[in-house]
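Once you've looked at the hints, dock chain D against the given chain G.
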Amino acid sequence: MRVLGFIGILTWSLQPCFGQSEKERYEAWLDSMKNDKYIGIIKHLDDVIITDYAYQARDPKMQMNMRSTDQLMHCLPGVNMIRRGSFANEPMLRGLTSDRYVLSIDGMRIYGACTDKMDPASSYIEPINLQSLDIAFGSQSNMMGSGTGGSVNFGLKKPVFTQDDPFRFSLRSNYSTVSDEFGQAMDVNYAKDKWAIRASGVHRKSQNYFDGNGNEVRYSQFEKYNYATSINYRINTQSILAFDFVGDDAKDVGYPALPMDVSFARAKMFGLSYITDKIGLISEPEIKIYHNFINHEMDDTNRDSVAMHMDMPGNTRTTGGFIRGFLRQSSKSVIEVKADYHKAFWHAEMTMYPNEVDQLPMFMLTWPDAHRSILGVELSHTYQVKPNQKLIYSGRLEQVSSFIDSDFGERQLSVFNKSGLEHRKNNLINLSTQYLWDVTSSMTANAMISYGERVPTISEQYGFYLFNQQDGYDYLGDPDLKEERNIHLEIGQKTQKADLRFETSLFAYLFDNYIMGIYDPSLSNMTIGALGVKWYENTGRAKMFGGEMMLSNLLLPSLTSKLDLKYVYGEDFEGKPLPQMPPLKVSYSLNQNVKGWNIQPEIEWSSAQNRISEKFNELTTKSFTLLNLRVNKMFESDRMKYSLGVGVENLTDEAYREHFDIGQILRPGRNGYVQIQVMF
Amino acid sequence: MKAIKSIFILLAIVFVSACSDSDDPQLGFETDLTEINSITENGLKVTLFASEDFFVGYNNITAKIEDENGNLLSGDIVVTPMMDMMTMSHSSPIEFPDGTTFQDGSFNFSPVFVMPSGEMGSWSIKFSINETEVTVPVEVSAPEKARLVSFMSMMDETTKYFVAYIDPKDPQVGQNDLEIAVFKKQSMMEWPAVTGMEFELEPWMVSMDHGSPNNVAPAHTENGHYKGTVNFTMTGDWQIRLTMKDNGNTCGTPYFDIYFQ
Chain G
138 MRVLGFIGIL
148 TWSLQPCFGQ
158 SEKERYEAWL
168 DSMKNDKYIG
178 IIKHLDDVII
188 TDYAYQARDP
198 KMQMNMRSTD
208 QLMHCLPGVN
218 MIRRGSFANE
228 PMLRGLTSDR
238 YVLSIDGMRI
248 YGACTDKMDP
258 ASSYIEPINL
268 QSLDIAFGSQ
278 SNMMGSGTGG
288 SVNFGLKKPV
298 FTQDDPFRFS
308 LRSNYSTVSD
318 EFGQAMDVNY
328 AKDKWAIRAS
338 GVHRKSQNYF
348 DGNGNEVRYS
358 QFEKYNYATS
368 INYRINTQSI
378 LAFDFVGDDA
388 KDVGYPALPM
398 DVSFARAKMF
408 GLSYITDKIG
418 LISEPEIKIY
428 HNFINHEMDD
438 TNRDSVAMHM
448 DMPGNTRTTG
458 GFIRGFLRQS
468 SKSVIEVKAD
478 YHKAFWHAEM
488 TMYPNEVDQL
498 PMFMLTWPDA
508 HRSILGVELS
518 HTYQVKPNQK
528 LIYSGRLEQV
538 SSFIDSDFGE
548 RQLSVFNKSG
558 LEHRKNNLIN
568 LSTQYLWDVT
578 SSMTANAMIS
588 YGERVPTISE
598 QYGFYLFNQQ
608 DGYDYLGDPD
618 LKEERNIHLE
628 IGQKTQKADL
638 RFETSLFAYL
648 FDNYIMGIYD
658 PSLSNMTIGA
668 LGVKWYENTG
678 RAKMFGGEMM
688 LSNLLLPSLT
698 SKLDLKYVYG
708 EDFEGKPLPQ
718 MPPLKVSYSL
728 NQNVKGWNIQ
738 PEIEWSSAQN
748 RISEKFNELT
758 TKSFTLLNLR
768 VNKMFESDRM
778 KYSLGVGVEN
788 LTDEAYREHF
798 DIGQILRPGR
808 NGYVQIQVMF
Chain D
304 MKAIKSIFIL
314 LAIVFVSACS
324 DSDDPQLGFE
334 TDLTEINSIT
344 ENGLKVTLFA
354 SEDFFVGYNN
364 ITAKIEDENG
374 NLLSGDIVVT
384 PMMDMMTMSH
394 SSPIEFPDGT
404 TFQDGSFNFS
414 PVFVMPSGEM
424 GSWSIKFSIN
434 ETEVTVPVEV
444 SAPEKARLVS
454 FMSMMDETTK
464 YFVAYIDPKD
474 PQVGQNDLEI
484 AVFKKQSMME
494 WPAVTGMEFE
504 LEPWMVSMDH
514 GSPNNVAPAH
524 TENGHYKGTV
534 NFTMTGDWQI
544 RLTMKDNGNT
554 CGTPYFDIYF
564 Q
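Chains as they are written, first to last, in my numbering: chain G, 138 to 817; chain D, 304 to 564.
Everything labelled a hint here was simulated from the structure, so no lab data went into it.
For each residue, glycine too, the CB sits at the ideal point set by N, CA and C.
Any given hint might turn out to be false.
Derived coverage of chain G by chain D (criterion: at least 3 residues anywhere in the stretch with Cβ under 8 Å from a Cβ of chain D; other residues may be distant) [what the hints assert, rightly or not]: (1) 490-496; (2) 547-559; (3) 581-595.
Once the Cα atoms are required to be at most 20 Å apart in a straight line, the calculated DMTMM-like pairs of lysine to aspartate or glutamate come out as [stated by the list, open to error]: (4) G/Lys480 - G/Asp709; (5) G/Lys405 - G/Glu360; (6) G/Lys752 - G/Asp709; (7) G/Lys619 - G/Glu360; (8) G/Lys680 - G/Asp790; (9) G/Lys405 - G/Glu421; (10) D/Lys448 - G/Glu755; (11) G/Lys722 - G/Glu711; (12) D/Lys472 - G/Glu360; (13) G/Lys555 - D/Asp480; (14) D/Lys448 - G/Asp544; (15) G/Lys759 - G/Asp790.
With the rest of the complex left out, here is chain G (with noise of 0.2 Å):
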C-alpha cells in the first residue's frame, strides 16, 4: 500500500498524510495544488502566499525527527532502517532491503556506489531538500519502476513564487550529545516576477558516539556538505521551466559494523523539468530529463589493524528522463500515464595491499563496468464503480538491457564459464487491482492483488567476490539470474472520525525466483577470515507476511495519543526463517500541548526476534525498550519565526541493536539534543 508522507504543511494535524490510493494520492496532488505547495503550482501561480519553511510537518513526531532524512524515515509505518554506522542507513520497506525496491529521487533513478552498500541513494538527500516521501510497498510500480519491494521517491524541495516577500530564508542549527554531533543547515528562497529559486545549505559533523553501555563506538564519525538549488521559471500561467541541482559530499565516514570506512563519497543530481497543462492528450504533463553521478570511495587506512589494506572505489552514473501525465482527469475516472528511459553504469574495484613490500598489489572488478538501460511504460486507471466503491487498476512493461563492456571482467568471469558481454534482455510486467470500498462514512475498506517483477540487481548479476559483513561470505553474481517475481495480497482498512484515526493493513508476499546467496563449498573465500563463497540464486519461492497498525487519537482537547506497530514474518525456500526480519515493533507516544509547548513522552518496543537465518549465521536480537522524551515550542513575531525543539532519547540508555543492523555493534545510547531555527 502507500504511504505518502508529506512534508511540509500539505497534510497531516490528524489529517491523513497518509493516503491509501491513487485516487487519494491524485486528492493530495490537488490539494497540494491548492496549498501551492507542489510543483502544481502553475494552477495558482498569482495567489500564492507562503508560510511554510522545512521542518514544520504537522504531523508532530515527524516534526521532531527531523535532523536526518533516516530519523525521518525510521518514523514511517512499514519502513525499518537497516545501521551499518551512524551515516546512512539503509530504508527497508517491510522486511526488504534495498535490492527489491525502487529508489529516486524527485522521479530521477539513481544508484548508489558503494558495493557494500554503504551509500543507499537516500544518503544524499537531507530532509531540508525534501518536500515529500511517497513510498510504495510491494510489487505496486507506483509510476517509478517494476520491483517487488516497492518503491521510494523523495519529492525535492520546490522554490515558491511568493507575492508580497521575496525573500524569504531559514536558519536551522542542532547538536547532539551522543556523538557531539552539530548540524547546521539553510535555506533561502527568492521569487520575482517569473523566477523563483531555492538554495539550501546543509553542513553536519559527528564523532563516534557512545553505545547504551557507555562504551564508545569507534569509527562512527562522519562529515558531509549537501548543496542544493532550484531554478522555476514561469514561462506563462500554464507552463514552469524547472531546474533542480543537488549536492552532496561525505567525508571521513566510519562504518563501524564493516570492515572499512569511506574517505569520500560524492553525488551530484541534475534534472530539468517542464510542466504544462496540456500537450495533446494529455493534462498535467511533466517531461522531465536528467542526470546523476556517485563517486565513492571506500578504504581502510584508519583502522589500527587489517589484515591487508585495501581500496575500493565505485562510482555511477545514471541518465534519463520521463514524460508523465494524465490521459483523462474526471470526478469518476483518472488515468495517468508515463513513459521513462534512463540508462545507468556501474564500475567498482579493488586493489589489495600485501603487507610484504616485495610482493605486488592485487586489483579486481568487483563491478566490471556494468551497463544496463531500462525502458518503461505506465498506466494507471482510477474508476469510480459505484459512489462508494473504487478500483484502481495499473501496469506496468519494463524491458530491460544488461551487459559489461569490459575485457578485464569478461575475463574474470571466465574463471566460472561465464560471459557478461552479452545483452542480456529482461522484460518485466507489473500489474496491480485495488478495490477501495467506502463501507461507513467514516471506514474504508480496501484489497488489493498484484504481481511485480525486477531484474537482479548488479551486484546479484556480475558482483565478483563482494564481502558480505552480514553473514561473513564473500558473493558472486551470476549473469543468467533471471526476474524474481512477487505476488502481493493486501487487505485494509481506514476508519476517519474527528477524534480518531484508525488504519490496518495485512499482506502476503509470495515470491518465486527469490534472489539469495547460496553457499557453494566447492569455492575458496577471496577475502581474508570470510567463510566461504556464495552464488547469488534464483532459491524458488520465499514467503512473507505481516502488517501496520496505527491508532492515533484525541485523548483530551490538547492531548493526541498515537500508536503504531508493525511486524513481518519471513520464510525462505526450505521453509526457514529468512534473514533480518524486522520482529514486532510497538511505538507510543503522547502528545500534550501546554501553552504552546508540544511535550511528546513516547515508547518504543521491540520483540526479541529468535527465528533467526542459519544460513547467514545471524544471531537472535534480544528484546529493547527505548523511552525518548520531545519538547517542542514556536514563537512567531510578525516577521520571524523561531522554534525550539529539545529532547532526550533512549532515556534509560539503553544498550541495543536492531535485529536487521549489520554487525553485532549497539545502537547509541543515551543522547540529549537541541534544536534551534529560525526562519524570516
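Chain D only, in chain G's frame:
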C-alpha cells in the same frame, strides 16, 4: 591472450627488423625471433634465435643453418646441449618437435636447461649437421621466478625429476591454458620425458591465502607434456601449486611463482 600474443609478435618484428638482417627475404629465412648467438665453424654458420635470452627451463630455439656463402642448408641434424663443469659434464632434456631433419636452413628444438651458466660451469649446444660438428657456446641465466623445478622422488628418493613450466607465458586474470613438461635424469646424458604421471593443481594467492576455482589439473598429452587450465581471480603474486603422483603415490610437490599486473 590473442591480442597480447599479437602485440608481442608485433614488438618482436619491430625489434628484429631494427637490429638484425635475419628477415631479409633474399635469404629465404624469416623469423620474428631475436638473434641470441651465432658461430661459424667447420665451414658452417649456425645462428640461434629465440623470443628471449636462454634461461633455466623450457626454451624454444630456432637455429639458422648456412654454409660459408650464406646458402641455407638442408639435411640431418643431431643437437645436444652440454654443461661443462670442469670435472664432469652433462646434458639436459631436449625435444625436437619437427624431428631430426631440417630444410631451408631452419631447425627448431627445445632444450630444457637444468641450471644456469656461471662459475659452476658453462653451457654449449653441440650440433652435428650432416655429420659436421659445430659447437655454439650459450649463456643460460636463472629467471627471476623459477620456470624449472627439480626434486627427488618422494617415493624412491633416487629419481630426480625436472618439471618445466611452459604456459601461460603471459598469465592474466581469468582462464589460462597451463602446460608443463616433466623429465627425469637417467644418466649424465639421458634425460627422458616422463609420461603417465597424474597431477593435482591448486593456484594459490600466497599473500591472502586463498585459491581459485574451476581449475583443470594438467593431464598427459604426449612426450611428457601435460596440459590443463589455471584460473586467476585477480592480479598479483600467485603460486601454481602442483602435486605429482605416480600411481596414486605422491612423487613431489613442485610449484611455480608467477606474477602479473
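> For the pair supplied as a hint, G/Lys722 and G/Glu711, is the alpha-carbon distance within the 20 Å limit?
Replying inline: The hint is violated at about 26 Å.
>> Would the hint linking G/Lys680 and G/Asp790 be met if the CA-CA limit is 20 Å?
In response: violated, 36 Å
> Keeping to a limit of 20 Å between CA atoms, is the pair of G/Lys480 and G/Asp709 held or broken?
Replying inline: Violated: G/Lys480 and G/Asp709 sit about 32 Å apart, past 20 Å.
> Taking only the CA atoms, is the gap from D/Lys448 to G/Asp544 under or equal to 20 Å?
Replying inline: violated, 27 Å
> Would the pair G/Lys759 and G/Asp790 pass a check requiring their Cα atoms to be no farther apart than 20 Å?
Replying inline: holds, 15 Å
> Holds or violated: D/Lys448 with G/Glu755, Cα cutoff 20 Å?
Replying inline: violated, 45 Å
> Between G/Lys555 and D/Asp480, does the CA-CA distance stay at or below 20 Å?
Replying inline: holds, 17 Å
>> Tell me if the straight-line CA distance from G/Lys405 to G/Glu421 falls inside 20 Å.
In response: violated, 28 Å
>> Can you confirm whether chain D covers the segment 581-595 of chain G, using C-beta to C-beta distances below 8 Å and requiring at least three such residues?
In response: Contact hint for the segment 581-595 of chain G vs chain D: violated, 0 residues under 8 Å.
>> Just to be careful, I want the Cα atoms of G/Lys405 and G/Glu360 compared with a cutoff of 20 Å; is the pair within it?
In response: This hinted pair holds, its Cα atoms lying about 17 Å apart.
>> Quick check: do three or more residues in the segment 547-559 of chain G have a beta carbon closer than 8 Å to a beta carbon of chain D?
In response: holds (count 8)
> Does the structure keep D/Lys472 and G/Glu360 at a Cα separation of 20 Å or less?
Replying inline: violated, 49 Å
In summary, the structure is inconsistent with hints 3, 4, 7, 8, 9, 10, 11, 12, 14 from the numbered list given earlier, while agreeing with the others.
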